[in-house]
Structure formats: structure tokens, C-alpha cells
Amino acid sequence: MLGSLVKAFRNPLSLLGIVLLCVTLLIANQHSYFIYLTVAQLVFVPTVVQLIVKLKGWEQDLLALGMVAVTVLSFEPSTYVFAIFCAVCYFLATCIIAKKGLERFLNRGFTNLAEIMIDAGFLYIAIGGAWYFAYIAQIDTGFSPLITWLTAIHFHYSGFILCVSLGLFGRLYTRKLYPPIALIILSGPLLVALGITFSTVIEIVSVTLYVLAIFILFIMTFQVRMPLIQAISIRLTIGALCFTIIWSFLYAYGNFSGQVIVDIPNMLDFHGKINCFVLGTFTVIGWAINVPPSKQQAFTFPVSQIRGKLQALGEAHPSLVDQLSDFVNTKNLPASISHFYERTTDYRLFASVKWQLWFKPFAFIYQWISRRIQQLNLPFNSDVEEMTGTIHLVDENIDKREKPRVWKRTIRDKTVFVAIYSKYTSDGKTYMNIALPLPFSTMMGILTLKEQNGALHLASKGAADAGVYLSIGRYTLKLPLQEHFIIQQKGDTLIATHDMTIFGLHFLHIDYTIKSKLNFDGEK
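Terminal number for the sequence shown in our numbering: 1234, no gaps in between.
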């Protein structure tokens, strides 16, 4: 335990930060509130970053340059140009940290909220770096120089340190209370900043929610087993924050009511000092003792390598799948459902698309893009339209998945969907693996199939790999989309529905009527 703590501070960047901080404290003549930010810049931030990610050599060099630049700025350089150069160096260092957070996110996407909290903390530090640059460059932000400086502090502590700490805590705490608390604290730094900028109502509401979330988080820390010293450190930091956050609430209430209860000097002397020396110090110590491992697993499903418009088509093919029984037990399904998937070209499809009212402005704007890329090009109206289609084999050497075949659907000779179907098996379960090529990328739908009351359900939710993903370059990230198909028999006709949500909000419903060509008006 002690060895882990020593190791965390023994790396070159942390040692450099401690040395530079000592130089600053001993020689530079800084006001105390400047020290609050300097400590974070030189010690807290670089130490925490290295607990989470490995830095390449050039990334370490740039962070070191930024730390040296902060130290130089504490001596108040005589020339404005040199001060700007130093501020740029530190801002670039924070951008490197933000880049690591973005890379982490792009390798995972909208899944695992604990890891998203860490990514957000890494991104917030670049906002803090931008406000620090604005202060040094004497940019008119619409606020006094002191408020600009305090905003930089805000994003270093409430943005970076607290979000990363809550993310690490989320690796240990898996109860249902975590998501709402994490989301409130995640959005807190931005909402508070927006409130200060635009509306005292936004400020008081966001600070109130933030205060409640911090108090609940303190209770949550007692529901997780941790090594003794780590438990004391983490509970001490959140407990201290419960105390100091009251000053933020009183300050926000004063702005809202027009009656000053806590002013900026009070905030600096109490809120700022305790956050610096308790929140910062004991957060670093607590997590340096034992960094909980991430539960996030790398995505292992095969990804289509086709990007942009599909050019080379193989021979025509009659089906989306060879055997539906590869995916689901078809014993209790009507034979017509299996036949549709195994002889798809023997059927005619009629569709009615219904966009939710709240989403229609976005759908209307997206149509301008979809018509050009000829993908996901759904009608804006809800009229019943026939979807005609063809199925062709796709070269496995190009797609890199098993037996891919493309189903191109059109409405009135305009391409609506170009979907490349494949399958794969993981842990004894076979998934439908559908790729929709997009410019420079591919959207992937990993669907599970199940029979329920004689209907076939295909869903992007409910199993380990199920989901909707975007593959771009070397990154594959999960999107906040869910889709659910239901297909069932009604008389001599198949009916199907397709529903989609984004962040849990329903935005699209499609009704399908599927008729066999052999029985359609008695014609073959």
C-alpha cells in the first residue's frame, strides 16, 4: 500500500512537479489563491493522469514543458509575449491530457459511466487550461481577471479532480444510485459556469443539485469496501467537500437574491483553501494507494472494413441469413418468419415511417445529408411506401466478416438503406452483425434474437456485445442508440415494427407489412 503511494510520486513528472512547486513556494511571491491553482497544475493533475493512462515520451515532455511554463509564470515575466508563450505551453499540455481522454472514449463510446466520468475529467482540464490562458493573455472574458482565474481553478478541481475521482469510485460502486449522482456531478462544472455567465436561476438550481449530489455521494462512500487508509482519504475528501460546498450554495444564493452572504474573499479563504489542501491532496493519496481496475472489456466482435459507398457487388443472393435457426430456436416461430429471412427476395415490403414530433427538426435537417450519402435515407412523411430491394454477396476479403451479403432497399428508386448482413458467435451465442457503410466510417448493429409468444425479437440490448456502434479509423465506440425489431405473422401476412431510441428517448417508429410474392394478388 505504502509502496503504491511512493511509486505514484516517484515518477519523473510527479517529482518534477514537487520540485517546481517547492521553488515556487520558496522564491515566488504569489498570493495564496494563485497557489491553489499552481498546486493542481504542478502536482495533482500530472500525478492523477499517470494513475489512469500511460503517457508516451513526447507527451511526458510536453506536460513537463507546461509545468515549467507555469513555474516561470509564477515569477511574472517582464514581457507580455514571453508570458503568452508560457501560457500556450501549459494550454497545449492540458490539450494532451484531453486527447488521452478523447482516445479512451473513442475506444469505448457511450458505455460504462464510470469510465466516461474519467474521460470527462480529462476533457475538463483543457477548459481549465483555456481559462488559464485567458487570464495570462488578459483576454476580456466578460468577467474580472479574478473571476477568470477562479474559473480556471473551478475546472481543475470540480472538473478534473472530482470527476476522475468519481469515475474511479464508480469502478467499485455498482448500485443504481451511481448514474444519477454521476451525471449531476458530471454536468455540474458546465452548468455552474453557464449559470454564472447567463442566469442566476440556472446557477442556483445547478448548485442546489450539485450540493445534494455531493451529500449523497458522501453516504455512498460508506457502502464500498476499500483499504483503510484509502477509505479514510476518499471519505475525508468528499466529507470536506460537503462542508465547503455550502459556501458555493450561499454565494449562488446571494447572486440570486441580491443579498451578499458569502463574497469572493470568503470563498477563497475557506472554500478554495480546503478544496486545495484536502480535496486535492487526499484524492491523490487515496487513489494512489490502490487504483481500482477498470471493468471495461475491449470489443472483440468482427467489424466490417467497408467504408463509404459500396462499389463491388458479388452475385445475387436470395437471403439475409442461411438459416434462422443459427440465431434462435425456431421451433415456436411461424415457418413464414424463417422463410422470410432465408428467402428474403420472395417477399415485398411496405413501410410507414413515423418520426417523433420532438425529433422532426433533426430528421428534416439530416435529410439533406442522407440524400447525398444514400444511407439511412428515410422518408420524412408517414405515407405507406413500398421498399424494393436486392441482395448480393460481398467479398469476405474486403468486408473481413463471415459470409457478408448486402441488402439494398429503395423507395421510388431512391436508396434508403444499404445494410451488409453477417453473423458471429461469442460465448455460445450467435449475433446478427449488420454494417451500414458511412463516409469514412461504418455503423454496426449487433443484435440478439429471441422468440417470444410466437414473435421474433431482434434487439441491440440485452447481451454482452449487443448495441449500436460506430467504427471510424482504428476506433470502435458504442453509440447512445438502441433499436428493437418485432416480426410476427398476422393471417397470411408478416407485420413488423422497428423502434429506435437515443439516450433512452424514442425518436423513430417504422411499421412494415411483408407479403409473399407468391400470394400477392395471386401473382408470382
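If you are wondering where the hints come from, they were derived from the structure by calculation, not from laboratory data.
Virtual Cβ for every residue (Gly too), placed ideally from N, Cα, C.
Be aware that one or more of the hints could be misleading.
[As the list claims (entries may be wrong)] Once the Cα atoms are required to be at most 30 Å apart in a straight line, the calculated DSSO-like pairs of lysine-lysine come out as:
| # | residue 1 | residue 2 |
| --- | --- | --- |
| 1 | K1160 | K1139 |
| 2 | K764 | K1139 |
| 3 | K1005 | K1041 |
| 4 | K886 | K1019 |
| 5 | K1139 | K1070 |
| 6 | K1064 | K1171 |
| 7 | K1200 | K1188 |
| 8 | K1200 | K1118 |
| 9 | K1041 | K1139 |
| 10 | K1005 | K1160 |
| 11 | K1124 | K1227 |
| 12 | K1124 | K1139 |
| 13 | K1133 | K1070 |
| 14 | K1041 | K1124 |
| 15 | K983 | K1019 |
[Claimed, not checked] Restraint-style ranges between C-beta atoms, simulated for each label pair:
| # | residue 1 | residue 2 | range |
| --- | --- | --- | --- |
| 16 | P1071 | K886 | 32 to 38 Å |
| 17 | I857 | L736 | 26 to 32 Å |
| 18 | R935 | L761 | 17 to 23 Å |
| 19 | V911 | F1213 | 23 to 29 Å |
Each hint tested on the structure:
1. K1160 <-> K1139: holds (11 Å)
2. K764 <-> K1139: The hint is violated at about 35 Å.
3. K1005 <-> K1041: Outside the cut-off at roughly 37 Å; violated.
4. K886 <-> K1019: violated (42 Å)
5. K1139 <-> K1070: violated (37 Å)
6. K1064 <-> K1171: holds (22 Å)
7. K1200 <-> K1188: violated (35 Å)
8. K1200 <-> K1118: The hint holds at about 26 Å.
9. K1041 <-> K1139: holds (17 Å)
10. K1005 <-> K1160: holds (27 Å)
11. K1124 <-> K1227: Satisfied, since the Cα-Cα distance of roughly 22 Å is no more than 30 Å.
12. K1124 <-> K1139: The given pair, whose Cα atoms are some 36 Å apart, is violated under the 30 Å limit.
13. K1133 <-> K1070: violated (33 Å)
14. K1041 <-> K1124: Violated. K1041 to K1124 sits at ~38 Å, over the 30 Å cutoff.
15. K983 <-> K1019: It is violated: about 58 Å lies between the C-alpha atoms, which goes past 30 Å.
16. P1071 <-> K886: 32 to 38 Å: holds (33 Å)
17. I857 <-> L736: 26 to 32 Å: holds (29 Å)
18. R935 <-> L761: 17 to 23 Å: holds (20 Å)
19. V911 <-> F1213: 23 to 29 Å: holds (25 Å)
Going through the hint list in order, the structure does not satisfy hints 2, 3, 4, 5, 7, 12, 13, 14, 15.
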